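Chain order of the listed sequences is A, B, C and D.
Taking our numbering, I'd label the letters of the first sequence as residues 1 to 95.
Taking our numbering, I'd label the letters of the second sequence as residues 101 to 195.
Taking our numbering, I'd label the letters of the third sequence as residues 201 to 295.
Taking our numbering, I'd label the letters of the fourth sequence as residues 301 to 395.
None of these hints come from the bench; they were simulated from the model.
Hints may contain errors.
[As the list claims (entries may be wrong)] Calculated cross-link-like contacts (lysine to aspartate or glutamate; reagent style EDC-like; alpha-carbon spacing at most 20 Å):
1. D:Lys315 <-> C:Asp234
2. A:Lys35 <-> B:Glu121
3. A:Lys15 <-> B:Asp161
4. B:Lys135 <-> A:Asp32
5. B:Lys149 <-> B:Asp139
6. B:Lys110 <-> A:Asp39
7. D:Lys335 <-> C:Asp208
8. A:Lys49 <-> A:Asp12
9. A:Lys10 <-> B:Asp139
10. B:Lys115 <-> A:Glu21
11. B:Lys110 <-> A:Asp32
12. A:Lys49 <-> C:Glu252
Everything numeric in this text was worked out from a predicted model, so none of it was measured.
Number of protein chains: 4
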Amino acid sequence: MTMNGYTDDKADVRKRLSRVEGQVRGISRMVDEDKYCIDILTQVAAATKALETVALSLLSDHLSHCVAQASAEGGEVAAEKVREANHAIARLVRS
Amino acid sequence: MTMNGYTDDKADVRKRLSRVEGQVRGISRMVDEDKYCIDILTQVAAATKALETVALSLLSDHLSHCVAQASAEGGEVAAEKVREANHAIARLVRS
Amino acid sequence: MTMNGYTDDKADVRKRLSRVEGQVRGISRMVDEDKYCIDILTQVAAATKALETVALSLLSDHLSHCVAQASAEGGEVAAEKVREANHAIARLVRS
Amino acid sequence: MTMNGYTDDKADVRKRLSRVEGQVRGISRMVDEDKYCIDILTQVAAATKALETVALSLLSDHLSHCVAQASAEGGEVAAEKVREANHAIARLVRS
Chain A
1 MTMNGYTDDK
11 ADVRKRLSRV
21 EGQVRGISRM
31 VDEDKYCIDI
41 LTQVAAATKA
51 LETVALSLLS
61 DHLSHCVAQA
71 SAEGGEVAAE
81 KVREANHAIA
91 RLVRS
Chain B
101 MTMNGYTDDK
111 ADVRKRLSRV
121 EGQVRGISRM
131 VDEDKYCIDI
141 LTQVAAATKA
151 LETVALSLLS
161 DHLSHCVAQA
171 SAEGGEVAAE
181 KVREANHAIA
191 RLVRS
Chain C
201 MTMNGYTDDK
211 ADVRKRLSRV
221 EGQVRGISRM
231 VDEDKYCIDI
241 LTQVAAATKA
251 LETVALSLLS
261 DHLSHCVAQA
271 SAEGGEVAAE
281 KVREANHAIA
291 RLVRS
Chain D
301 MTMNGYTDDK
311 ADVRKRLSRV
321 EGQVRGISRM
331 VDEDKYCIDI
341 LTQVAAATKA
351 LETVALSLLS
361 DHLSHCVAQA
371 SAEGGEVAAE
381 KVREANHAIA
391 RLVRS
């Protein structure tokens, strides 16, 4: 059985992603229907924020489970997990 | 006929949005298949960046057309367009 | 006499920048005094937000004055002003 | 003796913060000298990015030391450190 940081929150993560998918589809429809630029931009900003929330939730689960467990075991694997998490955080902060 | 800032780029905006929709669906699939948290986060960051690119392109078209045209006409409508654009930019910078 | 978008808000922009300078100096002092990492990070996030507010205010003034005026005059100068503003916005959204 | 995540990088963090302080002072000077809005915005974006780099470095040190060590010890303190780090990351991503 695969255990990931998000395993316990899987249903919640899936639901949030479905909602983002619906938001993006809704934005496409607004473009098709020639909606006003600013109204489309408002929806794009909302979808972006929703994706960020998914990312923060995945990251939080990852630190609480995968990184915490590796740190408890220590050694090179632990150091590598922390490096990997740091890179993921940098990508999020800069995106 | 409705004219929006993005009218000339409509096909391009639609294509980008379809791609983002595909990315988000791909992320849901990764969650279903219990993929590794960090790999999912990498895809979420990519989708976020892609949405930001859509937003910047819509905004650029909006400034080049709607705002520029209103400014050429001047008066209260022009001032209102600029205020509205400023709010949209603030939402983007803070999202 | 030089007229910039921010000329009317100059005192306000200067005051905000002095405050950011003070915040950054305060963060240096926290580092010197070995304050707790998380408390320092909270102050760094606050200073970053304060800088973003300065940027949004400068940009808003720029659109309301420089870009609006160039658009009213039209032609290649207007187009160039809009391109320039778009690049500045992209830098802000991605920083 | 106080040990923080950044203790080993203290000189480097201090140097980066002094540089940001100098950048912000330079921006104030540009405003005083009525420099062009867009040139000022470019410097504000650079200072913002520099602050983000400081934050990412502090956070990375914090995860590598404080959080890793607490996780190795386990228990409620470890859980609390992870929660605290998650909040700090959320503030950064949203700033």
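Exercise for the section: Take the C-alpha atoms of A:Lys49 and C:Glu252, compute the straight-line distance between them, and say whether it is at most 20 Å. Expected result: OK: A:Lys49 and C:Glu252 at ~17 Å, within 20 Å.
Exercise for the section: Mind checking the alpha carbons of B:Lys110 and A:Asp32 for me, to see if they're no more than 20 Å apart? Expected result: 8 Å, holds
Problem - Distance restraint between A:Lys35 and B:Glu121, which requires alpha-carbon spacing of 20 Å or less - result: OK: A:Lys35 and B:Glu121 at ~19 Å, within 20 Å.
Practice task
Starting from A:Lys49, check that the Cα of A:Asp12 is at most 20 Å away, please.
Solution key: 16 Å, holds
Problem - Satisfaction of hint between B:Asp139 and B:Lys149, Cα-Cα up to 20 Å - result: 16 Å, holds
Handout entry: Restraint status (C-alpha distance of B:Lys135 to A:Asp32 at most 20 Å)
Key = 34 Å, violated
Handout entry: 20 Å Cα cutoff - pair A:Lys10, B:Asp139
Key = 15 Å, holds
Practice task
Assess, step by step, whether the Cα of A:Lys15 is no farther than 20 Å from the Cα of B:Asp161, and give holds or violated.
Solution key: Violated, at roughly 33 Å.
Handout entry: Proposed proximity, C:Asp208 with D:Lys335 (alpha carbon, max 20 Å)
Key = Holds. D:Lys335 to C:Asp208 sits at ~14 Å (cutoff 20 Å).
Handout entry: Given pair status - A:Glu21, B:Lys115, alpha carbons within 20 Å
Key = 15 Å, holds
Problem - Restraint status (C-alpha distance of B:Lys110 to A:Asp39 at most 20 Å) - result: Judged against 20 Å, a Cα distance of about 15 Å means the pair holds.
Handout entry: Pair hint D:Lys315 and C:Asp234, alpha-carbon separation not exceeding 20 Å
Key = Distance of about 15 Å is within 20 Å: holds.
In terms of the numbered hints stated before, the structure departs from hints 3, 4, listed from lowest to highest.
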